[in-house]
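Protein chains: 4
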Amino acid sequence: MQTTLQMLKTHPSATGIAPENLAAAIAKLYTCAQACTTCADACLGEKELSSLVPCIRANLDCADACLATGAMLSRVTHSPTDLLRSMLGTCVKACHQCAEECAKHASMHEHCRICSEACRSCEKACRDLMG
Amino acid sequence: MQTTLQMLKTHPSATGIAPENLAAAIAKLYTCAQACTTCADACLGEKELSSLVPCIRANLDCADACLATGAMLSRVTHSPTDLLRSMLGTCVKACHQCAEECAKHASMHEHCRICSEACRSCEKACRDLMG
Amino acid sequence: MQTTLQMLKTHPSATGIAPENLAAAIAKLYTCAQACTTCADACLGEKELSSLVPCIRANLDCADACLATGAMLSRVTHSPTDLLRSMLGTCVKACHQCAEECAKHASMHEHCRICSEACRSCEKACRDLMG
Amino acid sequence: MQTTLQMLKTHPSATGIAPENLAAAIAKLYTCAQACTTCADACLGEKELSSLVPCIRANLDCADACLATGAMLSRVTHSPTDLLRSMLGTCVKACHQCAEECAKHASMHEHCRICSEACRSCEKACRDLMG
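Chains as they are written, first to last, in the numbering used here: chain A, 1 to 131; chain B, 1 to 131; chain C, 1 to 131; chain D, 1 to 131.
Calculated from the structure, these hints are not laboratory results. Accuracy of the hints is not assured; some may be wrong.
Note: identical chains are not told apart, hence a pair may lie in one copy or across any two.
To be verified - Listed below are the simulated SDA-like cross-link pairs for lysine to any residue, each with C-alpha atoms no more than 20 Å apart in a straight line:
hint	residue 1	residue 2
1	K47	Q2
2	K124	H96
3	K104	P12
4	K124	S86
5	K9	L49
6	K124	N21
7	K9	R113
8	K47	T81
9	K104	E48
Owing to the predicted nature of the structure, the values given are computational and were not obtained by experimental measurement.
All chains should be modelled from the sequences, with the hints used to inform the complete structure.
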C-alpha cells in the first residue's frame, strides 16, 4: 500500500478521492483478488471438493471483479464517474457473494475463513468509496 | 464463436440463456477487449497524441470491463444472478463511454472508427442479455 | 478475427509480423482463453470432479497465459522483442500442458475434447509467430 | 502480504517453495502490476507525453505479465513446473524492460522513479524464485 500511495500522490492529475482512501481500497482489491485465487486452488485440494464448487465459482468471479475494479481505480483521473461507481457496485456484489459462500466453510477450512474476511474488508472499502 | 458455442453446448449444467445468444455476446466481449487494447496502442502512435488521451483511458477501462464480463459469462452456470446483471450493466457503461470517445476521432483515425463499432456492438449484446 | 485484422491494418506503426498472421494468432489466443474458462467451469459441474482437478488448474493457468499474450500481441508495435518471444514461449507451454491434460478426458467429456483442440491450435499459432 | 501468507499456509497441498518467500514474491507482483497501471495513467497526464510513449507501453506489458505470474503463483500447487519457471522468466524480462524505461524519466517524474523501483524489486523476487 505504501507504493500505491506514493504512486497516487505523484500522479499529475488531482483526483476527487483522498489518496489515502484510494490507496487503501486499491490494496484491499488486489489482496482480495489474490486471496480468492488461492482459495479456489486450496478448495480444489480439499477432500469434500463437491461441496466447495459454489465457493470456487464465487472465488473466480470475485477475483475477476476485483482486478477490473483495481485497474480502473489505479487510473485515478476518472474518479467520480458513473462507470467507476457502477464497477464499484458490481465489485461489492462479487465480494459479498464470495464472503457469504466462503463463510459457510470457514469452520472447516481456514483458507475459506481468511478469504471471507478479505472479501468483507474489500466490500466495505468499495462501499466507502461509493460514498 | 464456433468454439465458444460448442463449449457452452457441452457444459453439463443448463444455463438460463440460449447458448447461441450467450456465445454471440461472449465473442463480442473478447473482440471488443482486443480492439480496445489495439486502439490504445494505435492512439499512442498517432501524432496528435494529446487529444487522444481520453480515448486511451476509455479504451483501457473498456478492455478491463469486457474481459471481466467475458470471464463471468464463460462460467455459464450462474446466468441469472444479480452479480452478472450488475457486471453486464457496468460493461454497457464502459462500452458506451469508449464508443462515444472513439467516435469523436473516427473521421481522422480508422482504428477509432472500427473500435467504436466494436464497442457499440458489444454494448448492444450486453444490453440484450440483461433482458 | 475480422475486427482484429482491421484494427491491426489501421495501426499507425508497422509491425514485423504480417497482420494476417498476427490477427489469426490473436484470435486463437482469446478463443483459447475463453474455452479454458468454460472448460474449468464445466469440469466443476461433472460428477467425477476429483479426477478433473489437474485439468481445472491447467485451464486456469492457460487462460491467464493466453490473455497476457493476447494483450501483448495486441500492442503490435513491439513485435520482435525478446519479451514477446519469451511470453509466446510461456504460452506454448501453458497451451501444451492444458491440451495434454484435457486430452486425457476427451473421450468422456466433449468440453475437454474441444478445449484440447483450442489449446493445440493456439500452441501452434504461438510457435509459428516465434518463427 | 499478511493475508497472502495466511492463505498459503492454510492451503491443503504443500508447495516446494517456502510460503514466506512465495508470499513476498506474490505481494511484489501485485504491487508492481498496480504501480505500472498508475504509472501509465500518470504518464498520460504529463505535458511531454510523446517522450513517455515507450514507458506507457512497457507499463502495460509489465502489468499484464505480473498479473498472470501472480495468479499462477497463487495456485501454489504446481510450484516447480517448467511452465511456472518460464512465466517467471518472462516476468523478469517485462519488469526489467519497464524498470529501464521508467528509470530514464525518474529524475523528471516521481511516479516513474517509484514505478522503476517496484519493477526492480519484483524482478529480483521473480529471479530468486527461479533460483
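These are the hints, each one checked on the structure:
1. K47 to Q2: neither (39 Å within a copy, 26 Å between copies)
2. K124 to H96: Classified as within: same-chain Cα gap 9 Å, cross-chain 28 Å, threshold 20 Å.
3. K104 to P12: between (45 Å within a copy, 18 Å between copies)
4. K124 to S86: This pair counts as both: shortest intra-copy Cα distance 15 Å, inter-copy 18 Å.
5. K9 to L49: Answer is between: at 19 Å across copies they meet the 20 Å cutoff, but 45 Å inside does not.
6. K124 to N21: Answer is within; shortest intra-copy Cα gap is 12 Å, inter-copy 29 Å.
7. K9 to R113: between (34 Å within a copy, 13 Å between copies)
8. K47 to T81: For K47 and T81, neither the intra-copy (45 Å) nor the inter-copy (24 Å) Cα distance is at most 20 Å.
9. K104 to E48: within (13 Å within a copy, 23 Å between copies)
This entry does not satisfy hints 1 and 8, going by the numbered hints stated previously.
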